[in-house]
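Residue numbers (the numbering used here), protein chains in the order written: chain H, 127 to 704; chain R, 19 to 198; chain F, 127 to 320.
Derived by calculation from the structure, the hints in this document are not laboratory data. For each residue, glycine too, the CB sits at the ideal point set by N, CA and C. Any given hint could be a false lead.
Okay, the calculated bits of chain H under chain R, using three or more residues with CB under 8 Å as the criterion [what the hints assert, rightly or not]:
1. 217–231
2. 571–579
Listed next, with one range per pair, are the computed distances between beta-carbon atoms [to be verified]:
3. Pro169/R <-> Glu212/H: 35 to 41 Å
4. Leu201/F <-> Tyr39/R: 21 to 27 Å
5. Pro169/R <-> Glu634/H: 49 to 55 Å
6. Leu28/R <-> Arg564/H: 46 to 52 Å
7. Glu424/H <-> Ala101/R: 55 to 61 Å
8. Glu212/H <-> Glu180/R: 55 to 61 Å
9. Ala590/H <-> Glu171/R: 32 to 38 Å
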Amino acid sequence: MLQQLFSFKGGVKPQTRKAPSVQSPIGQVPMPLRLYVPLHQSLGGAPNPLVQAGEQVLKGQVIGAADGWMSAAVHAPTSGTVLAVEQHVAAHPSGLPTLSVVIEPDGREQWIARTPLDHRSLAPERVRELLRDAGVVGLGGAVFPSHAKLTAARTVPVEHLVINGAECEPFMTCDDLLMRERAEEIVRGAAIFRDLLAARRVLIGIEDNKPEAVAAMQLAVRRLGEDHEVVAVPTRYPAGGAKQLIRVLTGKEVPASKRSTELGVQCFNVATAYTAYRALAHGEPVISRIVTLTGNVEQPRNWEVLLGTPMRDVVALGKPKADTSRYLMGGPMMGFEIGDLAAPVVKATNCIIAGSPNLFPPNPPEMPCIRCGACADVCPHELQPFELYWFARARNFGKTQEYHIFDCIECGCCSYVCPSHIPLVQYFRFAKSEIWSREKEKQAADAAKARFELRNARAEREQAEKAERLAKAAAARTSEKKVAPAQAETVTSAALPAAEAAPATDAEAVRKAKIAAAMERARAQRAAVLPRNTEQLTAEQKQEIAAIEARRLALLTSAAQPAGSPPEALTIPEHPTE
Amino acid sequence: MITTLAIMALGAVVLGAALGYASIRFKVEGDPLVEKIEAILPQTQCGQCGYPGCKPYAAAISAGEAEINLCPPGGIDGVRKLADLLGREVKPLEAEEKPKQVAFIDEQTCIGCTLCIQACPVDAIVGAAKQMHTIVEPLCTGCELCVKPCPVECIFMQPIAENIDNWKWKYPVIEIKRAA
Amino acid sequence: MTHYLFIIIGAVLVNNVVLVRILGLCPFMGVSKKLETAFGMGAATTFVLTVATGASYVIDHYLLMPFGLEYLRTLSFIVTIAAIVQLTEMVIQKTSPLLHQVLGIYLPLITTNCAVLGVPLLNVANKYNFVESLLFGAASAIGFSLVLVLFAGIRERVEGADVPTCFRGTAIAMVTAGLMSLAFMGFAGLDKYQ
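All chains, full assembly: derive it from the sequences and hints.
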């Protein structure tokens, strides 16, 4: 059946430069000396470490448990000893450290017990849980936990399941090689997703510059007797963006405020489908991924890398040329520069590109925006990057939101075509993270306000209760007519008239006096049994405290008296407020 | 002459009556503006503005009694937002702007006096009498109100370090053309 | 009918009260920093100006003229306008406190806004009847609001521009206003095509 194709707006056609890295098959990276597995490798909650230094782990053992529903587990990539759970530099544009598990491999590659499962015999909820605990996340680069995407919208049945093999970024070929070599597993993984979502049709979209991958996938589909449709889509960056591929294959345009499931479409990367199949049918969690090593290296190739392998070890396999000056993680359009090659390969690492001044000439100086509109022509989300730039540059974040900055997928098309060489995406990233941090601050302020108000309410209530208690005690005392004059000064002025207004009966007063006496006895007993930690001080310490107290008294009487703070705050209270 | 005076007087009486009626009919009670101002303030409840909390300060601004540049935790950004809302001029901050910080209790020195617990406006300190206290860091607003009451001076302020969760993309630095 | 159309177009564009007659510059410069406040100020002025022209026509024709008190025109107009502004202020304070706070001192300033006093005086000078007066007042106010909103929009954008330090703030606003005025002078040829 001939698939009718649609087109998305904008996009660019950079040189693909994919040829060098597809010459050799996927290679296995030799076992590194140490593995640094970061615990936070997916969107959502950061997993909690389950292992301690010194512990032995098996290959595939869970070392970080998923934190809540929107999270994914992390596993030991090989068997060995946990050396430490510590901060280690992350594969992140900031180059800051993150909590990682350091494992020294023992070389035995001893697996945990793997139980192959058939997803059709399990409840869908159970399958989603299994995927979460196997650490299956979107391997296209967004690392969104896959199980969270496998729930269809209640009202709209899923019409299309889109499997994304477009791989539109230049240089990158990891999905291409995966499709060529492991097509059957991808097709089976797609079938799992289809069954979970009850999707009617499965569309596998592959850019038409990868005929070998298309052929391999078609063959696999035929051999397995599935009814997936493998569709070659025109090569145009960013055809591999989820919304763009959905548009090309189904003609549906996902609006800004909606998820694609609300239109009956869901999209997964081919590598995600592959790992989902491995996780269910072989019981193997996500412990490795295919990484393209290319650019300014002698031997560009795709490697299967254990997660946590330092990038330095991977890069060395490609023999970087002498003039290599920097390394990028991800493609040249959306990737970022890695400052420190000690950073480990993580689930989001699809490609490492060695760059040289020849390959990526340094950015020419930024010139003023001439409002030519070239960026708006190529924006695949039909935004107006020059307007966004104008307001982001002036730090007018309210306006950037009016111009829908959060619909920007940071694909880099606008920066690519800008004749003034303005790094537009950098401005948008800056504006986005500024808006997020302000949002966080606002939430913190609201929470602080709520806590402050609750505290004030509690203080008022306690004061009222105390006044009431004192009034009752005073009433008891006045009726006994013995101790009143001596203790009158401790009774608050507010309590006195109340006590006079409501004289208690004699019997009640006697009982209350007895209770008070009992409480006093109990307190004395407790004080005798439990020595205060302030009582076992050396003379030196006592002296010090006395000096501090004297200083504080002087400070407080001079500073707090005008503010009207009550003198009782000076004494250490018997019952703290908490 | 008399008619002139009479006409002008009549006009004055009519207008005066209309205004008098309107002032009763459209009497304003309360001030919803206070809430809008309070929403901008950082809610540290630190009292550095000279008012006992964010709400009283907001009320003072609304009444025109206070300047808008008295809130150091809000920073110059806060001043700018207030100026925007109220149509006033942006003024430089009275006190110097500090980086965001949280309180830290040296638990070895703490004697468990609970004085800091009573001082904390947002209940961010836990502990009991004669037991060690500690700060619940995510709740701490960095108001410094707990520092002074401590009798053994074991509380100090620490600036919040940049980590991977609060890291932000920086403003793109424009490269100055290298001299040829 | 075309006569009324000419009054409207003339007041809004050709003889724009701010940019051509150069009346009411105070709020034009003062309340044009943000688009929202400009809208508010425009609406308030439109209301006040329309009512003020109507009221001053009535006062002029039924109070001043019959008794030959034309020499008290300016005085009585000011008093009327002041009262109307006060009324408007109270209503705004009740209905939209934020707008009231934002307009700040500019709302009472409408009292002494030369546009508001100038338009009724121009009505008298042009010998407009009641309907024409109201129309001229409303159209002038719409012209005022139009340029105020345009100007605020430009200023919001200029905020983000690389303005040389010595031109920042009011200076660049003045330059902008001058350019806008030049542009509006171009409407002067409009009536040649009738």
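Hints versus structure:
Closer than 8 Å: that is the beta-carbon criterion, and the region 217–231 of chain H has 6 residues meeting it against chain R, so the requirement of 3 holds. With 7 residues having a beta carbon nearer than 8 Å to a beta carbon of chain R, the region 571–579 of chain H meets the requirement of three or more and the stated coverage holds. Roughly 37 Å separates the CB atoms of Pro169/R and Glu212/H, a value that falls within the hinted 35 to 41 Å. Distance hint for Leu201/F and Tyr39/R: a CB-CB separation of about 24 Å, consistent with the stated range 21 to 27 Å.
For the pair Pro169/R and Glu634/H, the beta carbons lie near 41 Å from each other, so the given range of 49 to 55 Å is not met. The beta-carbon spacing between Leu28/R and Arg564/H, approximately 59 Å, falls outside the hinted interval of 46 to 52 Å. Taking 55 to 61 Å as the suggested C-beta distance range, the pair Glu424/H and Ala101/R conforms, at roughly 60 Å. For Glu212/H and Glu180/R, the Cβ-Cβ distance of about 18 Å falls outside the hinted range of 55 to 61 Å, so the restraint is violated.
At about 34 Å, the beta-carbon gap between Ala590/H and Glu171/R stays in the expected band of 32 to 38 Å.
Of the hints listed earlier, those the structure fails to meet are numbers 5, 6 and 8, in rising order.
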